[in-house]
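Chemist: Here's the letter readout for the chains.
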Amino acid sequence: MGDIAKYLGDAGTRSALLTMLLDHIYLSLVPLVISVVLAVVLGLACHRFRWVNTVLVSVSNVLYTIPSLALFVIIPAVIGTSVLAPVNVVIALTLYTTTLLVRPVAEALAAVPDHVRAAATAMGFRPWRRFLTVELPLAVPVLAAGVRVGSVSNISLVSVGALIGTGGLGVLFTDGFRQRYLAPIIVGIVLTMVLALVVDLILVVLRNALTPWTKAGRS
Amino acid sequence: MIEFRGVTKRFDDGTIAVNGLDLVVEAGTITVFVGPSGCGKTTSLRMVNRMIDPTEGTVLVDGKDVLTVDPPKLRLGIGYVIQQAGLFPHRTVLDNVATVPLLSGWSKAKARSRAAELLELVGLPAELGKRYPVQLSGGQQQRVGVARALAADPPVLLMDEPFSAVDPVVREGLQDELLRLQAELDKTIVFVTHDIDEAVRIGEKVAVFREGGILAQYAPPAELLVRPADDFVASFVGKDRGYRSLSFVDASGVEVLPAETVRAPAASGGWQLLVDAERRPQGWSGPDGTVVPGGSLYEQGGAIRGALDAALSSPSGLGVVVDTDGRFAGVVEAHQVLDVIESHRG
Ligand SMILES: Nc1ncnc2c1ncn2[C@@H]1O[C@H](COP(=O)(O)OP(=O)(O)O)[C@@H](O)[C@H]1O
Ligand SMILES: [Mg+2]
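Quick note, the sequences are listed as chains A and B, same order.
Everything in the first sequence is counted per UniProt numbering, starting at 1 for the first residue and increasing by one.
Everything in the second sequence is counted per UniProt numbering, starting at 1 for the first residue and increasing by one.
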């Protein structure tokens, strides 16, 4: 305990921690936001065209067999970025999270009752408007569940990125192990957990605000 | 007015859903498409608002070929109600009803106040507007579906088995409500059902479809029941059509006879009708002076079914006829009523 107090007592450490935390948030949440957009677009494509579904299922099965660390290293080789660039982490996590979200999104769109879709069409909705104002909102509960899983997994995977030196709270673990010093490791664990919980809480609040009708069914 | 001219729909798999349909739906009437499942009713209906386009032939709405109109624009002027109501689960009842006005470019405030009016029109309390569809009963959801279809005041209303999923008692209420609304609104309504009773109850004209999407008969309900075009229609309208059809035969051929009336029961050796000071029937005084409750009353000018009911339910064998104010007007004899019915059949 004294160790941790001493560690945190240093102003330089505290400002370094803040930078790491912000890096961590950036590296885990940017891929999450991009993934949501991609997953909605791809999920729609899966729902409309069977072959997209088939292709995506194979791609995602392959993708999940590649360990995250390997992916962080393969990406620069494939797209020609520097091995240590944070963008590698962003791309890798975007790939993971998108594959995680596409299928549930496609399934949620398929689960929109035919009579609801037919009624929307019959009332004069054009296809895009119908998608954005009827089908997509109805997929939000499923999408939100996927995003919560994705946010937790991204926040923990960003730490792995520290092994190849891309920043974030993972640096505390690599440094702590190297110096055989426990305090940064504990601070790293606590901050990662708190971050994951806070983000999850925000996502729940957001979901509830977007889906007031789901509560109506239970009352 | 909606007109089908030589309309055929062949789906990609070769199914002929509608075969050479020629039919005119008069403006301001309720026309019912009825027939067993799979005979092309829904397909015919959906060719009106272009959810399906015909393979051959033309569908005209108010003289205009629907294929020349952009489907979303066409649909804004055609209300559509379906079996499961098709309400948006994520929108409140009020916002559901406001959907088409909003799509048509009304302001939010105007659309909502119009939606509130519509809820009242279909007999739903205003508080329901704040609820979500899952919080309503099936019958209430159907009413909301009707309100939503009527919100932008479209001249045409398409209804595809709108009341089939609700229980029979609620269904009758909804049918009555629809007839009441129609008396007020005067829409051109095409109503699809597989239930001949429903068809006869609400249709001003009924189109009976048979398998293969062929129109078997298109006629007012009375004609359908009394003179079915062929065996298919006859068996579809059902065995008890003989009795049901009496609702449509007028009873002017039945002679209304005078009968003795009394103000108080008396043993006269015969049947005498008891009336009050206003000459409203109160029951019968039997041959030995006992009071026997009367049967059903037949109001002059009504269908012959009422006359037959009155005659057959009366303890004296004489059906009691009343005028529109409920005053005694005479009696009818059962055998006379039956003679008139016979002559109608022949
Ligand atoms: N999209 C479609 N593709 C192929 N066949 C269809 C399609 N829609 C309907 N059908 C067929 O067309 C026939 C008429 O269907 P429908 O109009 O729905 O009948 P109804 O409403 O009278 O029950 C049925 O045999 C049905 O299976
Ligand atoms: Mg149908």
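The set of hints was computed from the structure by calculation and includes no laboratory data.
Mixed in with the good hints there might be a few duds.
As the list claims (entries may be wrong) - Heads up, simulated DSS-like pairs for lysine-lysine below, C-alpha to C-alpha not over 30 Å straight-line:
| # | chain 1 | residue 1 | chain 2 | residue 2 |
| --- | --- | --- | --- | --- |
| 1 | B | K187 | B | K64 |
| 2 | B | K110 | A | K215 |
| 3 | B | K187 | A | K215 |
| 4 | B | K110 | B | K130 |
| 5 | B | K205 | B | K187 |
| 6 | B | K108 | B | K130 |
| 7 | A | K215 | B | K73 |
| 8 | B | K110 | B | K73 |
| 9 | B | K108 | B | K73 |
Chemist: Against this structure, judge whether each hint is valid.
Modeler: Evaluated hints:
1. K187(B) to K64(B): Judged against 30 Å, a Cα distance of about 18 Å means the pair holds.
2. K110(B) to K215(A): Given pair K110(B), K215(A) holds - Cα atoms ~28 Å apart, limit 30 Å.
3. K187(B) to K215(A): Between K187(B) and K215(A) the Cα gap is close to 38 Å, so the pair fails against 30 Å, i.e. violated.
4. K110(B) to K130(B): Holds, at about 17 Å.
5. K205(B) to K187(B): Holds, because 14 Å separates the two Cα atoms, which is no more than 30 Å.
6. K108(B) to K130(B): Status holds; Cα separation ~15 Å.
7. K215(A) to K73(B): Roughly 35 Å between the alpha carbons, so the hint for K215(A) and K73(B) is violated.
8. K110(B) to K73(B): holds, 20 Å
9. K108(B) to K73(B): holds, 20 Å
Going through the hint list in order, the structure does not satisfy hints 3, 7.
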